[in-house]
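Enquirer: Single-letter residue listing:
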Amino acid sequence: GAVVSQHPSRVICKSGTSVKIECRSLDFQATTMFWYRQFPKQSLMLMATSNEGSKATYEQGVEKDKFLINHASLTLSTLTVTSAHPEDSSFYICRLEDSYNEQFFGPGTRLTVL
Amino acid sequence: GQNIDQPTEMTATEGAIVQINCTYQTSGFNGLFWYQQHAGEAPTFLSYNVLDGLEEKGRFSSFLSRSKGYSYLLLKELQMKDSASYLCAVRTSGNTPLVFGKGTRLSVIA
Numbered sequence: 155g156a157v158v159s160q161h162p163s164r165v166i167c168k169s170g171t172s173v174k175i176e177c178r179s180l181d182f183q184a185t186t187m188f189w190y191r192q193f194p195k196q197s198l199m200l201m202a203t204s205n206e207g208s209k210a211t212y213e214q215g216v217e218k219d220k221f222l223i224n225h226a227s228l229t230l231s232t233l234t235v236t237s238a239h240p241e242d243s244s245f246y247i248c249r250l251e252d253s254y255n256e257q258f259f260g261p262g263t264r265l266t267v268l
Numbered sequence: 051g052q053n054i055d056q057p058t059e060m061t062a063t064e065g066a067i068v069q070i071n072c073t074y075q076t077s078g079f080n081g082l083f084w085y086q087q088h089a090g091e092a093p094t095f096l097s098y099n100v101l102d103g104l105e106e107k108g109r110f111s112s113f114l115s116r117s118k119g120y121s122y123l124l125l126k127e128l129q130m131k132d133s134a135s136y137l138c139a140v141r142t143s144g145n146t147p148l149v150f151g152k153g154t155r156l157s158v159i160a
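Protein sequence lines, in the order shown, are assigned to chains A and B.
Add 154 to the 1-based position in the first sequence for my numbering, that's all there is to it.
Add 50 to the 1-based position in the second sequence for my numbering, that's all there is to it.
Among the hints, erroneous ones may be present.
[Stated by the list, open to error] Below, in silico cross-link-like pairs of lysine-lysine (DSS-like), each with a Cα-Cα straight-line distance of 25 Å or less:
| id | chain 1 | residue 1 | chain 2 | residue 2 |
| --- | --- | --- | --- | --- |
| 1 | A | Lys168 | A | Lys209 |
| 2 | B | Lys152 | A | Lys195 |
| 3 | A | Lys195 | B | Lys118 |
[What the hints assert, rightly or not] Simulated restraints, written as ranges between beta carbons of each label pair:
| id | chain 1 | residue 1 | chain 2 | residue 2 | range |
| --- | --- | --- | --- | --- | --- |
| 4 | B | Gly65 | A | Thr211 | 44 to 50 Å |
| 5 | A | Lys218 | B | Gln75 | 25 to 31 Å |
| 6 | B | Tyr120 | A | Lys195 | 43 to 49 Å |
| 7 | B | Thr94 | A | Thr236 | 27 to 33 Å |
| 8 | B | Asn80 | A | Phe193 | 45 to 51 Å |
| 9 | A | Leu180 | B | Ser115 | 35 to 41 Å |
| 10 | B | Leu101 | A | Pro261 | 28 to 34 Å |
| 11 | A | Phe193 | B | Gln75 | 21 to 27 Å |
| 12 | B | Glu64 | A | Ser169 | 41 to 47 Å |
| 13 | A | Lys220 | B | Ala160 | 33 to 39 Å |
No lab work stands behind these hints, which were simulated from the structure alone.
Since we're looking at a predicted model, the values are computed, not measured.
No residue lacks a Cβ here, since even glycine has one placed at the ideal position from N, Cα and C.
So here's chain A without its partners, still in its complex pose (with noise of 0.2 Å):
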């Protein structure tokens, strides 16, 4: 069964608005999860890595105040895109790490900012 959920997997808003990514470990507990963004067609991105109880570190190029990550326990990461605009428009996903190096990523959120 999914070891990772991801809620909502849909979202429309307006431009301007805020959007919260909820990404959840169901199984075990993630002390590091990291978020990933990807456009259609093209690879993923990683955007940041959130530690569990301390300030995320986000890649060269991404806006850590327009990119919020709260990893407030081992079972939840949060990313909220805040007054999202078009070209925020992406596939948003989660990806967490086990002990034994196996990957599980969570099944993506899809948003849509018009």
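Once you have looked at the hints, place chain B on chain A.
Expert: Then chain B, alone, in the frame of chain A:
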């Protein structure tokens, strides 16, 4: 910088075998991963190689040569459902984030 190369697209026939290559030039190496991604879905883990050699898992096998910076994913007895993108990803050290290739879009035809 980190560089991972894979062919952009491949086409193969149902029932056949296809090999998807991946070459990498990275600052370090601590494992290579292969994922399958169907359109509109999240990637699914297929395999992990950290030592040289072949790892077999059912119809899928993955090979690694660290000295050559080279890996391939071998898919046997192709089925139509194998039509997807296949992503090669490298971890450069410890628990650093994976570096992903752009993916290879495989089309399986009858």
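Enquirer: Does each hint hold? Answer for all of them.
Expert: Cross-check of the supplied hints:
Our distance criterion of 25 Å between C-alpha atoms is broken by A/Lys168 and A/Lys209, whose separation comes to about 28 Å. Of the pairs offered as hints, the one joining B/Lys152 and A/Lys195 holds, with about 9 Å between alpha carbons and a cut-off of 25 Å not exceeded. Taking the CA atoms of A/Lys195 and B/Lys118, the gap is about 28 Å. The hint is violated against a cut of 25 Å. At about 46 Å, the CB distance of B/Gly65 to A/Thr211 agrees with the hint of 44 to 50 Å.
Look at A/Lys218 against B/Gln75: about 29 Å separates their beta carbons, and that is inside 25 to 31 Å. Separation of B/Tyr120 from A/Lys195 is about 25 Å and departs from the stated range, judged on CB atoms against 43 to 49 Å. Distance hint check: the CB atoms of B/Thr94 and A/Thr236 are about 31 Å apart, consistent with the given range 27 to 33 Å. Checked against the given bound of 45 to 51 Å, the beta carbons of B/Asn80 and A/Phe193, roughly 28 Å apart, lie outside it.
Checked against the given bound of 35 to 41 Å, the beta carbons of A/Leu180 and B/Ser115, roughly 36 Å apart, stay inside it. The hinted range of 28 to 34 Å is satisfied by B/Leu101 and A/Pro261, whose Cβ atoms lie roughly 31 Å apart. Checked against the hint of 21 to 27 Å, the pair A/Phe193 and B/Gln75 passes, with Cβ atoms roughly 24 Å apart. Between B/Glu64 and A/Ser169 the beta carbon distance is about 45 Å. The supplied range of 41 to 47 Å therefore holds.
The given range of 33 to 39 Å is broken by A/Lys220 and B/Ala160, whose C-beta atoms sit roughly 46 Å from each other.
Violated hints, in rising order: 1, 3, 6, 8, 13; the structure is consistent with all others.
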